[in-house]
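K.L.:
Sequence:
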Amino acid sequence: MEEVYIAHISEDGRNSQLLEDHLLNVAQLAKKFGASIGVPDMAYGCGLAHDFGKYSDKFQKYIRGEFQGKVDHSTAGAQFLWKRQQEYNIFSLLGAFCIAGHHAGLPDYGGMGDDDSTGTLLGRMKRRVLPYEHGLERVSYPNKIDSEVFLKFKDDPIAGALFIRMLFSCLVDADFLDTERYMLTECVQRGNFSTIKELEGLFFQVLTKKGYFAPKSDINRKRTKILKKCMNMGVGKPGLYTLTVPTGGGKTISSLAFAMKQAITQKKERIIYAIPYTSIIEQTAEVFEGFLGEDNIIEAHSQIEYDDTNESMEKKRLATENWDAPLIITTNVQFFESLFANRTSRCRKLHNIANSVIILDEAQMLPVDFLKPVLNTIEALVKYFNCTVILCSATQPHLERNGLLSMRPKEIMEDIPELYGFFKRVQFCDEGQLTYQAIGERLRRQNQILCITGTKAEAGEIYAEIKDEDSFYLSTNLFPAHRQRVIHEIKKRLKTGITCRVVSTSIISVGVDIDFPEVYLELSGLDSLIQGAGRCNREGKRPLKESTAHVFSTEKIMGSRFMKQERQIMAIVQQQFKDISEPEAIKKYFDELYKAKDPILDEKKIKELSSEMAFAEIGRSVKLIEDDTKSVFIPYDEEAQIIAEQLRCGVYTRELMRRAGRYIVNVRSSCAKNSLGMFEKLCTDGYATQLGEDLAILTNMEVYDEKMGFIYKHEEGMADFI
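The sequence shown begins at 67 in this note's numbering and counts up by one.
The set of hints was computed from the structure by calculation and includes no laboratory data.
Heads up, none of these hints are tricks.
So the derived label-pair ranges between C-beta atoms look like this: (1) G185 - I482: 47 to 53 Å; (2) Q756 - N298: 55 to 61 Å; (3) P546 - E264: 31 to 37 Å.
Here a beta-carbon is modelled for each residue, glycine too, at the ideal position from N, C-alpha and C.
Starting from the given sequences, assemble the full structure and let the hints guide the process.
P.N.:
Below, the structure is given as structure tokens:
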């Protein structure tokens, strides 16, 4: 009787999937995905060999429960290709990488001295592997697989590494999907979203209904002109574009209009909208939902959890895994870290990034430490993976001027200086150096005023000068739900004319629709100053001469070395330009900034690591946010106390953790001058009870202030407030 080889047994144990069926299913699905990046045959070859190791007696005993322990079934298929370099040429290497990593993640290539105990590709190629000959008897493996396409990357290691990740993505997504179909007892409903064509029709229908094409004021006529220009340019060729629109010009909707037109005319699969801050994703999603409906918007970022008990929400949750939806809203962190990742869960979406329209909002916020590899990757998406990319900004960094882009982006707008003149709502005034006391005196003289500082410590110092019932403090020292309550109160006071003085970190500059008659801004980077000034005369209802952004510095220079460097560059710009918000001043600022920061624009040497095919090391290195913080839950009100009790009982469901996030303050877990960071000190001093490695519950509410939030300090603790 012929041996039966099993790939999977269903969750309920009733059904088993034949191994050859799984290999053929994955190969066909990977081939379909591979077509989007021009390598269907390579993707097919990866899929067909990926589980050859499961043909061994050892694995078959393991899956039937007759053997306990680990079984490495991934290395066998990788070695099958590795040993056939004469037949398959460069595909032997590419396929070996993908198959070796299809569970543990893409490995580093390694060195010739690596032995079989290492996890590198070269080390694993020396292992004794499970026999896979029965696989060759049951599946017909192609005699030839063309891989010459990879040769075009020989002088572009970052693009070459991205190509391998794309191929890897085709394999792992196909494997996930076919396995899911057999393993889960209940049928999983993926997809069934509106098509891009349907979304485009709906979008322009709602634009018309909302009066975008029949403006009744000068400002709306100008916004409509910007919108129409984006629509006209959207039917152009795929490529790299910039969209430079001042604050108030309707950049969000206009960029989506461009993307819709581009997606239809150039037959793109999806639109991806990437934003630097999680704090404005919800706001952007709400704007898009107003045009396209809630069911068609997928948010893919760390702060979103979809309720899987609701069919519509479950469909969205599944789409966040591989971005198989027509419109994705995500963060720069999620987008770029995925493009440099080696883990299967992060990489499976990559093939769905190919042939997309990608909008990168706030282009000046692209990560400085990784700017060169990030821009190299953006160009690779355009050049090799059929993407159109739009760099959007009110403070466009003009990256091509600094030699950071080899492509020359095409600007969508015309007569940008005229646009900036029209939308100018604030005048800047350089106040020089001021003491905290002097700033406090100025703030107290005003009925409604905002002051934005670069650090929490400085915000605290200035707030102490004006603290009373009509004054408010905002920073991440307040947990999110507390911040929202404070912002709601501020908005109510601004609307009704009640006294309202606010001292905040830059947290108020992002995603908070708020309008003060006057603002004070601590000297910082020009993009931050312009963003902060956007909280003054936001609606343009006051005369320009009555709307001032006062720029000041303090005698204590706080903040990181990068913040200090930005202030030094701003001092140069202030000397040369009377109006620091004009386009030429913005160009000057970024020219000087990138010149000064050139040594760190690829600080982790990602290009060098890419040439070494060090995928695992790159995946560990590319962290856009170096997070050395841990979470402290604040049991502030009745709802929070109920959540705290569940946490103490060990309940950690996705829904509970999402609710808990509204009451969490993040504090540093490491400190340069102490062996213990604030998180550890808080627990050892008896102010909090640690529940896990990264979570504690505050037990002494004396260190959480109604006005200033988390106020705990230890001996060397001021660094934690920066």
